[in-house]
Amino acid sequence: MHMLSFFGSSKSEKNADGLQEVEREVDRYKDILQNLNKRIATTVSAGQPQDAPAKEKRIRKVPEFVLGQLMEDSVKDLPPGLLRDVLDKCARLEKTVASEIITNELSVENSVSKNLNDIIERHLATIQKQKRTVGKCAQEYEATRQKYDFKEY
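Using full-length UniProt numbering, the first residue of the sequence shown is number 1, and each one after it goes up by one.
Treat the hints with care, as some may be off.
Claimed, not checked - No farther apart than 27 Å at their CA atoms in a straight line, the calculated lysine-lysine pairs in the DSS-like style are these: (1) K147 <-> K30; (2) K89 <-> K55; (3) K57 <-> K76; (4) K151 <-> K38; (5) K30 <-> K151; (6) K38 <-> K61; (7) K89 <-> K114; (8) K151 <-> K131; (9) K136 <-> K55; (10) K129 <-> K151; (11) K61 <-> K89; (12) K147 <-> K131; (13) K136 <-> K57; (14) K147 <-> K38; (15) K136 <-> K114; (16) K57 <-> K30; (17) K131 <-> K114; (18) K89 <-> K38; (19) K61 <-> K131; (20) K89 <-> K76; (21) K136 <-> K30; (22) K147 <-> K136; (23) K55 <-> K114; (24) K61 <-> K30.
Claimed, not checked - Ranges of calculated distance between the beta carbons of each label pair, as one might list FRET restraints: (25) L82 <-> R39: 46 to 56 Å; (26) A41 <-> T126: 45 to 55 Å; (27) D27 <-> V97: 16 to 26 Å; (28) L33 <-> R84: 22 to 32 Å; (29) L93 <-> K57: 31 to 41 Å; (30) V112 <-> R132: 50 to 60 Å.
To be clear, the hints were calculated from the coordinates, so they are not data collected in a lab.
Where is the CB? At the ideal position from N, CA and C, for every residue including glycine.
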């Protein structure tokens with residue numbers, strides 16, 4: 001009989017270790033998601049569409065904008081004519097492309113941030129609630145097993 005309770009406690013120890021491992025994983029994912037969300041939120045808040053100077057500053061770093069700026073500067077040195085008109089239109093187009101790239105990036109960042117917030121607020125709360133329930137069940141199981149082992153002796 002003693003061997004059976006020895007093996008039983010080993011099994012419950014494995015269950016407790018498994019539960020602790022799952023709890024560590026949940027906490028790790030929660031920390032990762034929250035850190036990622038903070039980084040994205042910082043980036044998004046630094047360049048939200050409502051904040052025109054921040055968006056403009058971000059646009060100026062895009063290679064398409066730099067190319068458009070170089071074309072625009074080159075237009076000034078050309079005499080009036082077809083080449084000047086084409087170069088001027090290309091410069092404006094490159095700057096428009098740069099603006100659209102940043103608009104798309106901001107849209108993606110907002111979308112990702114929204115989805116991460118959804119996971120953090122809704123799903124992680126549910127997982128933590130279930131984790132507490134499993135913990136209570138494990139404690140109840142352990143208490144019941146100890147009572148059972150005590151009655152056997």
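Notebook entry, point to check: What are the numbers of the hints the structure violates, in ascending order?
Noted result: 1, 4, 5, 7, 8, 9, 10, 13, 14, 15, 16, 18, 19, 24, 26, 27, 28, 29 and 30
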